[in-house]
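Protein chains: 4
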Amino acid sequence: MTIRAVVWGENIHEHTNAIVGGVYPNGMHTAIAAGLNEHPNIEATTATLQEPEHGLSEARLAKTDVLLWWGHKAHGDVEDEIVERVAKRVWEGMGLIVLHSGHFAKPFKRLMGTPCALKWREAGERERVWVVNPRHPIAEGLDDNFVLENEEMYGEQFSVPEPLETVFISWFAGGEVFRSGLTWRRGAGNIFYFRPGHETYPTYYDANVKTVLKNAVRWAYNSQGALTSIHDAPNVPVERALEPIVERGPRLHKAGEEGYK
Amino acid sequence: MTIRAVVWGENIHEHTNAIVGGVYPNGMHTAIAAGLNEHPNIEATTATLQEPEHGLSEARLAKTDVLLWWGHKAHGDVEDEIVERVAKRVWEGMGLIVLHSGHFAKPFKRLMGTPCALKWREAGERERVWVVNPRHPIAEGLDDNFVLENEEMYGEQFSVPEPLETVFISWFAGGEVFRSGLTWRRGAGNIFYFRPGHETYPTYYDANVKTVLKNAVRWAYNSQGALTSIHDAPNVPVERALEPIVERGPRLHKAGEEGYK
Amino acid sequence: MTIRAVVWGENIHEHTNAIVGGVYPNGMHTAIAAGLNEHPNIEATTATLQEPEHGLSEARLAKTDVLLWWGHKAHGDVEDEIVERVAKRVWEGMGLIVLHSGHFAKPFKRLMGTPCALKWREAGERERVWVVNPRHPIAEGLDDNFVLENEEMYGEQFSVPEPLETVFISWFAGGEVFRSGLTWRRGAGNIFYFRPGHETYPTYYDANVKTVLKNAVRWAYNSQGALTSIHDAPNVPVERALEPIVERGPRLHKAGEEGYK
Amino acid sequence: MTIRAVVWGENIHEHTNAIVGGVYPNGMHTAIAAGLNEHPNIEATTATLQEPEHGLSEARLAKTDVLLWWGHKAHGDVEDEIVERVAKRVWEGMGLIVLHSGHFAKPFKRLMGTPCALKWREAGERERVWVVNPRHPIAEGLDDNFVLENEEMYGEQFSVPEPLETVFISWFAGGEVFRSGLTWRRGAGNIFYFRPGHETYPTYYDANVKTVLKNAVRWAYNSQGALTSIHDAPNVPVERALEPIVERGPRLHKAGEEGYK
Chain A
1142 MTIRAVVWGE NIHEHTNAIV GGVYPNGMHT AIAAGLNEHP NIEATTATLQ
1192 EPEHGLSEAR LAKTDVLLWW GHKAHGDVED EIVERVAKRV WEGMGLIVLH
1242 SGHFAKPFKR LMGTPCALKW REAGERERVW VVNPRHPIAE GLDDNFVLEN
1292 EEMYGEQFSV PEPLETVFIS WFAGGEVFRS GLTWRRGAGN IFYFRPGHET
1342 YPTYYDANVK TVLKNAVRWA YNSQGALTSI HDAPNVPVER ALEPIVERGP
1392 RLHKAGEEGY K
Chain B
1142 MTIRAVVWGE NIHEHTNAIV GGVYPNGMHT AIAAGLNEHP NIEATTATLQ
1192 EPEHGLSEAR LAKTDVLLWW GHKAHGDVED EIVERVAKRV WEGMGLIVLH
1242 SGHFAKPFKR LMGTPCALKW REAGERERVW VVNPRHPIAE GLDDNFVLEN
1292 EEMYGEQFSV PEPLETVFIS WFAGGEVFRS GLTWRRGAGN IFYFRPGHET
1342 YPTYYDANVK TVLKNAVRWA YNSQGALTSI HDAPNVPVER ALEPIVERGP
1392 RLHKAGEEGY K
Chain C
1142 MTIRAVVWGE NIHEHTNAIV GGVYPNGMHT AIAAGLNEHP NIEATTATLQ
1192 EPEHGLSEAR LAKTDVLLWW GHKAHGDVED EIVERVAKRV WEGMGLIVLH
1242 SGHFAKPFKR LMGTPCALKW REAGERERVW VVNPRHPIAE GLDDNFVLEN
1292 EEMYGEQFSV PEPLETVFIS WFAGGEVFRS GLTWRRGAGN IFYFRPGHET
1342 YPTYYDANVK TVLKNAVRWA YNSQGALTSI HDAPNVPVER ALEPIVERGP
1392 RLHKAGEEGY K
Chain D
1142 MTIRAVVWGE NIHEHTNAIV GGVYPNGMHT AIAAGLNEHP NIEATTATLQ
1192 EPEHGLSEAR LAKTDVLLWW GHKAHGDVED EIVERVAKRV WEGMGLIVLH
1242 SGHFAKPFKR LMGTPCALKW REAGERERVW VVNPRHPIAE GLDDNFVLEN
1292 EEMYGEQFSV PEPLETVFIS WFAGGEVFRS GLTWRRGAGN IFYFRPGHET
1342 YPTYYDANVK TVLKNAVRWA YNSQGALTSI HDAPNVPVER ALEPIVERGP
1392 RLHKAGEEGY K
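Protein sequence lines, in the order shown, are assigned to chains A, B, C and D.
Residue numbers for the first sequence follow our numbering, beginning at 1142 and rising by one.
Residue numbers for the second sequence follow our numbering, beginning at 1142 and rising by one.
Residue numbers for the third sequence follow our numbering, beginning at 1142 and rising by one.
Residue numbers for the fourth sequence follow our numbering, beginning at 1142 and rising by one.
The shape of chain A in the complex, shown without the other chains (with noise of 0.2 Å):
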């Protein structure tokens, strides 16, 4: 079993910004592909925003099995459609991790329906990520927190749905704190995302930060194929009723005919 992990990244900072270029020199979407590249069980590869079709064709999507997304700059940028076929993918069942600034990227968004804003502060301040949750999946391997020296900071009230489960919790020395590994499924698909990665610092490369992504990507994974069927709302006629059952009282539909949508 390998898992297809994508990484999609928004591909701009890195090149118009000589201290993102300078740190993440081949692209913050390649160093994180790198570093799940270094598990034998994923394959992962990159796609970004100036591709055709972002690098989301239907076909790719259809081998996707995890995607991983960052952007900040151009949310705008990517195009509607895009947006709903992520979307459309998660629910069949591919595993969706929204890094960072991604909280405020259109497929997040989309299926969280929340405003999904927070508090900012780029300071470069300390931030301490807590295992609130060990033994979770994604918390593999890690101690019972650690320590990003210079990140920029998120603080409450992070707008998102109340969680399936809490994994991480980060203290700032700045005095705030953010719930900075969250849990959801929507469909059929699991969701996580994951809050350090500001570009202009070395996240990417930070052990404890690759064992979180690695062990997301295995997490969000899910082995048994899409269910398509999840757009579907069938009519079950009353003749296929699973228990007998006589049609009684009026009706709007004719036989046969389409629910609406």
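Take these hints with a grain of salt, some might be off.
Copies of one chain are not kept apart here, so a pair can be met inside one copy or by any two copies together.
Unchecked claim - Straight-line distance between alpha carbons at most 30 Å, and here's what the computed DSS-like set of lysine-lysine pairs gives:
no.: 1; residue 1: K1204; residue 2: K1395
no.: 2; residue 1: K1260; residue 2: K1395
no.: 3; residue 1: K1402; residue 2: K1260
no.: 4; residue 1: K1351; residue 2: K1260
no.: 5; residue 1: K1229; residue 2: K1204
no.: 6; residue 1: K1351; residue 2: K1214
no.: 7; residue 1: K1260; residue 2: K1204
no.: 8; residue 1: K1402; residue 2: K1351
no.: 9; residue 1: K1395; residue 2: K1214
no.: 10; residue 1: K1260; residue 2: K1214
no.: 11; residue 1: K1402; residue 2: K1229
No wet-lab data here; the hints were simulated from the structure.
Given the structure of chain A, go ahead and fit chains B, C and D onto it with the hints provided.
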């Protein structure tokens, strides 16, 4: 304290289908609102698809504590701008109660972030609604189950996010089950989905159904006022950090700059 | 409507430790109750470990809407019979608010079914309590965070079940975080754990803490009366089945026999 | 990787009731274990009430990855010490799968903290188990529903804590519904309750039921080893605080002193 409820009705079947028109001569929304108005602390009015802005102007929604939504045939005719307006108000704390075929209504799908699909059958079969969460405020005054002798069947899988709490589960004569009462919070807003209410049956005159809707309005009501800050992603500058910190390392944004959305 | 609250206090440190006695000359429970009694709809009385049945007779509990619990040094001295009595009333719908070191109180551990352990440090350090769920009834009237200048530190992992909702998360000067406000429902009873309240500091005189406790009592209150049926496992005989069925195949129990417990 | 499962059986009805003895001549536990042993990565053995320490010595449990529990008539005969031992191992990460009448088993009630009561009827009626969470690992390989032609009825309200996820809901011919597959995490341990399995019917030979149990064992398995620290409440002294702090104000405990439990 009076809770200002607005019952939104699609208001089509009542005029195009003789059976529905016979059951609800003044419209389904009017019947639902009348049931709510039997209670001294609820002041229910109505809004319909056909009114300007579907009856849901900014000003009207700003004065709405709880919105109830019944739609079926014309989900697609609801303007996207109004959908966003409703979602925004829910995030700020307006309650939302989605009824029956409203599972496919745009505002519900927008807030759930999932397909919200299900199985269905129009056979006037018996539905038993079971209370699985007695003493939940929405179940107040009900027995352990109640019967709707003629209803449309909805069957699982109902592709919505795992709820905060499951209040009701329905049994259908034809062999299906359905989670008929589910709660979620999205931002500051309480959301309740309630299954019964097919337009060709007098469901909204049923005493138990009326009790549920009255309870749900009270449960969904948030007395604390609009959380307008939920849309903001404020920067917290270093010099205003709660704990004294010193800026370190590079940053992307200039002081005072807005974040990217 | 008046909510009858009982504040249970262990009532030991106040008498054996001069500092605690100085801060709370009439006992912590008395100070907490006094704070609640500032509100017209709450009528708070107290009970202590030293009273017969720890002040929690069957009759007293039957008239208690919400129980608050502060204990620390003498968890082991609480009689198991009283613990079961409290749990039983919670299942029937009595609210329970567990304070600070009460995380290890027998009734809380009984109702959680987990160790309820945590890290701790007594250094009088600064605690910032962040609201992660604004407009939750328990957070009414609070800013986005409030400070307790001197508190004991509690650190994660807090080994409790995943809550219904997370209301507060605390930041500590020494680097830890803690989920300081968590809600659960157990049977018909609402449970809230609130972290602050170390006995050597005047925490229960703090205006924000008092607001939280008042809000929590209101939130935990269940106006629907005791769900005494929650303890029953009734047999539903074939002849009283809701839908007509015919008995088939072998059975273990004779008609009218009790089930095994 | 081989998952070490232990199937615990009460082992009474098989010897005292001719029907049960006829259906399960070697005991229900043996039949359940045999079903699991059809799968190469599961190694299932059995333990019974009658063995010393009910077959669950410290040493045995230390080597158990997932424990399955079937009991009915003799819940009260299970020693409290063994119950605590099981709970402790679940908190450390051992999976627990509770079967049918095990809803009243001491370890389950201990871990849930609720009455775990329900309605019941022994009429050999038809049960339809519906999958409400397709692609959940426990539902792998199942259709959208499956039938058990003769089963005992269990009806709501099932007084357990709100689950992490609802996987199955059952429909019964006599008119009831039941949440038949529920998951929880307690400490580091995964818990699954599965409803079917009345002793007078051949339920554990059913192909779908066998699939569910195999899936559940795999789902409940935690490969990360025992989280023995879950029982600890460690003091973090000021001088070892992660962030430099200075002790302020009074304290109760002397340096190095244990906390109260």
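Now the hints, each set against the structure:
1. K1204 x K1395: Neither, since 39 Å and 41 Å both go past 30 Å.
2. K1260 x K1395: between (53 Å within a copy, 16 Å between copies)
3. K1402 x K1260: Close across copies (13 Å), not inside one copy (38 Å); limit 30 Å.
4. K1351 x K1260: Classified as both; 25 Å inside a copy, 27 Å across copies.
5. K1229 x K1204: within (14 Å within a copy, 35 Å between copies)
6. K1351 x K1214: For K1351 and K1214, only the intra-copy Cα distance (23 Å) is at most 30 Å; the inter-copy one is 43 Å.
7. K1260 x K1204: Intra 36 Å, inter 28 Å, cutoff 30 Å: inter-copy only.
8. K1402 x K1351: between (43 Å within a copy, 26 Å between copies)
9. K1395 x K1214: between (51 Å within a copy, 14 Å between copies)
10. K1260 x K1214: Result: close within a single copy only, 17 Å intra versus 40 Å inter.
11. K1402 x K1229: Cα proximity of K1402 and K1229: in one copy and across copies (16 Å, 23 Å).
Against the hints set out earlier in the document, a violation occurs for number 1 only.
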